[in-house]
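Q: One-letter residues, chain by chain:
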Amino acid sequence: MQQALEGSQAIAKTVAQCRPQVVAAYPITPQTHIVENISKLIADGVLDCEMVSVESEFSAASVVLGAVAAGSRSYTATSSQGLLLMAEVLYNIAGMRLPMVLTCANRAVSAPISIWNDHQDSMAVRDAGWIQLYCSSNQEAVDTTVQAFRISERTELPVMVCVDGFTLTHTLEIIDLPEQKQVDAFLPSFHFSRTLDPQQPITLGTLVTPDYFTEIRHAHHRAMLKAADEIVAADKDWQAISGRASGGLIREEGAKHADTAILAIGSVLGTLREAMAQYEGEKIKLLTLRCFRPFPEDELRRMCKGVKKLIVLERALSPGAGGIIGAEVRAALSRMAQPPEVYNYAAGLGGRDMPLDLLERILKASSKPARDAFSIFDVQLQKLPAGER
Amino acid sequence: MIEIRIHGRGGQGNVVAAYLLAIAASDSGLQCQAFPAFGAERRGAPVVAFVRIAEVPISRRNQVLHPAYLIIQDQTLLHEPGLTDGLLPGGAILLNSTRSSDEMSKQLGKPTVTLPATAMALETVSKDVPNVPLLSAFLTLTGLLPHKSLVHALEQRFKGEVLEKNKQLVELAADRVPAGLWKEDRLAASA
Amino acid sequence: MTTPSETIEIKDIERLRAIEPRFRGLESGHRACQGCGEALGARLVLQAAGPDVVVANATGCLEVFSTPWPQSAWRVPWIHSVFENAAAVASGIEAALKAQGRQSKVLAFGGDGGTFDIGFQAVSGMLERNHNVLYVCFDNEAYMNTGIQRSSSTPHAARTTTSPPGKARMGKRHLKKDLVSIIAAHHVPYAASTSVAYPADLRKKVRRAIDIEGPTFLLVHCPCPLGWGHDGALTIEIARLAVQTGLFPIIELERGEVTEVMPLHKPRPVVDYLKTQGRFRHLFSDDPRALEEREHLQALADHNISTYGLAIDHADPLDSEEADTVRRGGLVS
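Order-wise, the sequence lines are chains A, B and C.
Each residue of the first sequence is one higher than the one before, starting from 1 at the first, in our numbering.
Each residue of the second sequence is one higher than the one before, starting from 1 at the first, in our numbering.
Each residue of the third sequence is one higher than the one before, starting from 1 at the first, in our numbering.
Derived from the structure by calculation, the hints contain no laboratory data.
One or more of the hints may lead you astray.
Per label pair, the in silico range of CB-to-CB distance [claimed, not checked]: (1) B:66 - C:288: 54 to 60 Å; (2) C:125 - A:225: 41 to 47 Å; (3) B:110 - C:204: 57 to 63 Å; (4) C:275 - B:161: 19 to 25 Å; (5) C:288 - B:107: 56 to 62 Å; (6) B:128 - A:283: 54 to 60 Å; (7) C:102 - A:66: 43 to 49 Å; (8) A:48 - C:288: 21 to 27 Å; (9) B:161 - C:289: 21 to 27 Å; (10) B:88 - A:218: 58 to 64 Å; (11) A:245 - B:163: 36 to 42 Å; (12) C:24 - A:389: 34 to 40 Å; (13) A:237 - B:128: 50 to 56 Å.
Dumping the calculated DSS-like pairs for lysine-lysine here, alpha-carbon to alpha-carbon at most 30 Å [what the hints assert, rightly or not]: (14) A:368 - A:256; (15) B:159 - C:275; (16) A:368 - A:305; (17) C:176 - A:40; (18) B:165 - A:40; (19) B:183 - B:110; (20) C:167 - B:167; (21) B:127 - C:167; (22) B:165 - B:127; (23) A:40 - C:177; (24) B:159 - C:167; (25) A:236 - A:305; (26) A:40 - B:148; (27) B:127 - C:275; (28) B:165 - C:275; (29) C:167 - A:40; (30) B:165 - C:167; (31) C:204 - C:98; (32) B:127 - A:40; (33) A:283 - A:305; (34) B:159 - A:181; (35) C:275 - C:177; (36) A:40 - C:275; (37) B:159 - A:40; (38) A:40 - B:167; (39) C:167 - A:181.
We treat Cβ as the ideally placed atom computed from N, Cα and C, and that holds for glycine.
Whole structure, please, built from the sequences with the hints as guidance.
A: Set out below in C-alpha cells:
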C-alpha cells in the first residue's frame, strides 16, 4: 500500500511484518527512529515480540546472537560507533553461521565525531563474514529487509541491510509497504537447525585448532560466494509477489553499449540517476552496486565488457590506501583481458551534500588522465592549513 | 517539480511542517519528498527542512539549493546571513510576521506575503507552533493542493481535540491570504 | 573578574580564588537548551573544582553542545573519546599524570547512559583499581542526546520513546537502577548523590571529593526540560521536588557506609513531583493502571526514606540555607 512515510518508520513496520520474536535495541543517531517505531508497535500491542533495551550495542549484538541460537528470528539496528562496538560479536555471529538481519543506518565513524551519512561504518566490518546489501532508496530498504530475512535463513549467513543515515532514514517519501499476507507468503516461519535445545543438546562456539580452522573458513567463504544466487532469487521471487525489483547484485541503467560507466552505492544513486537525464543518447551508464558482500566479481566484469572508463564513486576510504570499493573493483577487473580504466573518488564524507552537478563534475575530472589512483573529490583544501593540504 | 525550503527554529515544528506538506501532496496523488537539513538541533536553534513535490517520482536526494518558495516560520531568522539565498527568480516567500507584506517585500527585495501565524496558533491551539497556519496559507497562495489534503495529513498525526483545533486553524489561515496569488504552472519548472 | 587576555599561573590558586571565586570552567555560549540541568551541573562542578583539572567526557548532550567545531566552551583541558570509555580514558590520564609526577586532578564526566549502561564496565574497573579520579554522573534519566530513550536510570513508569505508554505498557517497566549501592559496593573512599537544586551542597561535595586521593563518585540529578516535558524555567523547582519526595535521596557514603543524608522534614507526596512533567502524564489518566503506578512510585519513595533514614521530626538545625524552601517567594507550591 502506497503511503508517505519516513524511511525509519517504513523499515520498522516492515521488520514487524517479518515477525521477529526478539529485537534488541540501543539508541544511536540516526538509527534510533527505527527502534522507537518498533517500541511503539509493541507498546500498542501490534507486534508481539520481546524487545530487549540493552545497555550497549555490544550487548545488542550479543542478545540477538543468543536469541537466534535459541531458535528465534531476531533483529537489531545500529550505526557507526554502535556497529564498531559490536564488531567482535559480528564476527562471532557470522563465524557461527547464525541467521539474522541487522539494519545499519550508515553514518561516519569518530574521530572526528559526526552523526551524518557516510559508509565508513559498514565498510569497516566488510571482512566480518556478513552479507552486505546497500539500498539506494527507502523502497529498496523496505523490500530488501523482507528479502534479507529469507536470504539469511536459507544461507545461514547474517545479513546487514545498509541504509543511508538521515539521507534515507529521515526522509519522508512515498513508499509501497508490503501487505502482511505478501510477507507471510514469501517468508516462512523461522527454522534453524542448530539451536540450543535440552532435547537435542549441541555445543556452539567451540575452540578450533589449526587442524580444522582452515576448512571452516573455507566453508564460510564458499557459502558467501554461493549466497549471490540466493540474493538474486530472493529479488526475483519478491518481485513476483510485490511487483517491485530491488536491483539484484548490480543494477545497470543507461546506454546499452556504454563506453563510460559510473559505479556507486547508496542513496547518491537517486541524484546520479536524475543527473543522467542530461546525458540521454550518450554512451554512459550507471551501475548501482547493491550487493557488496559477497563481492559480485563476475557480474561486474560482465557489465564492464566494452567499457573504456569506469568511475567508482564511494562514501568511505581507507586512510593511507585509498578507496575501498575502488580497490576491490580494480582487483576484480584485473582478470579482464581489456579492463576499463578506473577512476576512483570518494565524496560526501561525514554527510556532505552531494549536489546534482556532481555527475557532471566527475565526468569532467575523469576526461583527463588521473593524477592519483584515488582522491577525495569534494575536498576544499582552503579550509586546511597549508601544511596539511 | 517544485522545491520548497522551510526555515524555522527547533521546537516550532519545522520538520513536522515539511512532513505534513509532503503527506498532503501524496494525499492529492502527487509524488513527494521531505527531509530535514540534518543538524544537531535544540529548541530555538535555526533549522531547515526541504520539500519536493512533483507529478513524477522524485529521484534526486540532495539538499534544495534553488527553492521556488521559502516558508519562514520565525521572523527573527531574517538576521541569518544567506537565509533567502538560492530563491528562484520569480520565487516567493511566506513569512510568519506581524508586519505587512508590502513592508517585508521591500525589505527582502523579493515578493513576500506575511501571516501572523504565531498569534493565530496561540489563539486557537494555545501553542507557539506556526506551521499549520503557514501551510494552509501556502496552499491558498499557490493553489498547489486542496486544503482537504492538509486536513487529511493532520488526521494522520493528531486526534481528538488537538485535531479539531488544528482543523480550525487551517480554515482560519486559509482566508487570510490572497488565493492564487502565486499560482502558475510551476510544476513544469525544475531547478 | 579575569579577562581572557590576563594570564594567571595556575599554581596561584589562592589569588585566583580571590579574583574569581567561582571559576568559569564551562563558558557561556554553548548550545544547550534553555533550562538544561546538565549544563548547570557541569558549570557548578567546575566552579568548585577550579582550573587545575583534566576532564574526560563521555559522548552525550554535554559533549555535543559544548564542542561544536571549531568552538569549545571548555576552559579546562578536556577530551572526548567514545560513549563507553570516559572512566577508562580518565584512568589512562591519571596513570600518565602519576608517572609524570603531576598534581592536576582528573575528572570523568558521563551522563546516565554513559555511566549506568554502556560505560558501566569502565566505571567499575576504574573504581576497583583505585584510580585517583572523581567520576561525575550527570543523571537526566534517559538517553537525551539521541532523542529521549530509556536508560537503566530512567525512573519506573516514565515515558521515553523506547518505553512509551500504550495498551501493553505503562512506560518504563523496570526500576531505576540503584547505582549508588553498586558504587558503594566498590568501597570507595567517598561517593555521594546531589542535585542541581542544591548548588551549595553540590559544590561542597565536589571539593570534598577532589581533596581525597582515590576514586570518588558523584551522582548529580539534572532535569531535562525537553526529555521530562516541562518548561525550562522550572528546572530547579522540579529538581528540588525530586529530592523532597524521597525519589532522589541525597546521601553520602564512605567506604560503602552511609555517613550523611539530607533529611526530609516534610516529605512531599510523589504526585506533586510527577504531575509537573510530561513524561509522567499518563499516570494521571483514568486508566486503573495509572493509580497502581502512582502508588508504586510512592512506595519507592517511602522505601528510600526508610532505607536511608531521611525522616526527621523537626526542622534540620544544620540546614542553615533552609534548603528545602525557596528563599525568595516562600515555599515551593
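Q: Determine for every hint whether it applies to the structure shown.
A: Here is how each hint holds up against the structure:
| no. | hint | result |
| --- | --- | --- |
| 1 | B:66 - C:288: 54 to 60 Å | holds (57 Å) |
| 2 | C:125 - A:225: 41 to 47 Å | holds (42 Å) |
| 3 | B:110 - C:204: 57 to 63 Å | holds (58 Å) |
| 4 | C:275 - B:161: 19 to 25 Å | holds (20 Å) |
| 5 | C:288 - B:107: 56 to 62 Å | holds (58 Å) |
| 6 | B:128 - A:283: 54 to 60 Å | holds (56 Å) |
| 7 | C:102 - A:66: 43 to 49 Å | holds (45 Å) |
| 8 | A:48 - C:288: 21 to 27 Å | holds (23 Å) |
| 9 | B:161 - C:289: 21 to 27 Å | holds (23 Å) |
| 10 | B:88 - A:218: 58 to 64 Å | holds (60 Å) |
| 11 | A:245 - B:163: 36 to 42 Å | holds (39 Å) |
| 12 | C:24 - A:389: 34 to 40 Å | holds (36 Å) |
| 13 | A:237 - B:128: 50 to 56 Å | holds (52 Å) |
| 14 | A:368 - A:256 | holds (24 Å) |
| 15 | B:159 - C:275 | holds (23 Å) |
| 16 | A:368 - A:305 | holds (21 Å) |
| 17 | C:176 - A:40 | holds (21 Å) |
| 18 | B:165 - A:40 | holds (25 Å) |
| 19 | B:183 - B:110 | holds (16 Å) |
| 20 | C:167 - B:167 | holds (27 Å) |
| 21 | B:127 - C:167 | holds (28 Å) |
| 22 | B:165 - B:127 | holds (11 Å) |
| 23 | A:40 - C:177 | holds (23 Å) |
| 24 | B:159 - C:167 | holds (17 Å) |
| 25 | A:236 - A:305 | holds (25 Å) |
| 26 | A:40 - B:148 | holds (28 Å) |
| 27 | B:127 - C:275 | holds (20 Å) |
| 28 | B:165 - C:275 | holds (25 Å) |
| 29 | C:167 - A:40 | holds (10 Å) |
| 30 | B:165 - C:167 | holds (26 Å) |
| 31 | C:204 - C:98 | holds (26 Å) |
| 32 | B:127 - A:40 | holds (25 Å) |
| 33 | A:283 - A:305 | holds (13 Å) |
| 34 | B:159 - A:181 | holds (29 Å) |
| 35 | C:275 - C:177 | holds (22 Å) |
| 36 | A:40 - C:275 | holds (23 Å) |
| 37 | B:159 - A:40 | holds (17 Å) |
| 38 | A:40 - B:167 | holds (26 Å) |
| 39 | C:167 - A:181 | holds (25 Å) |
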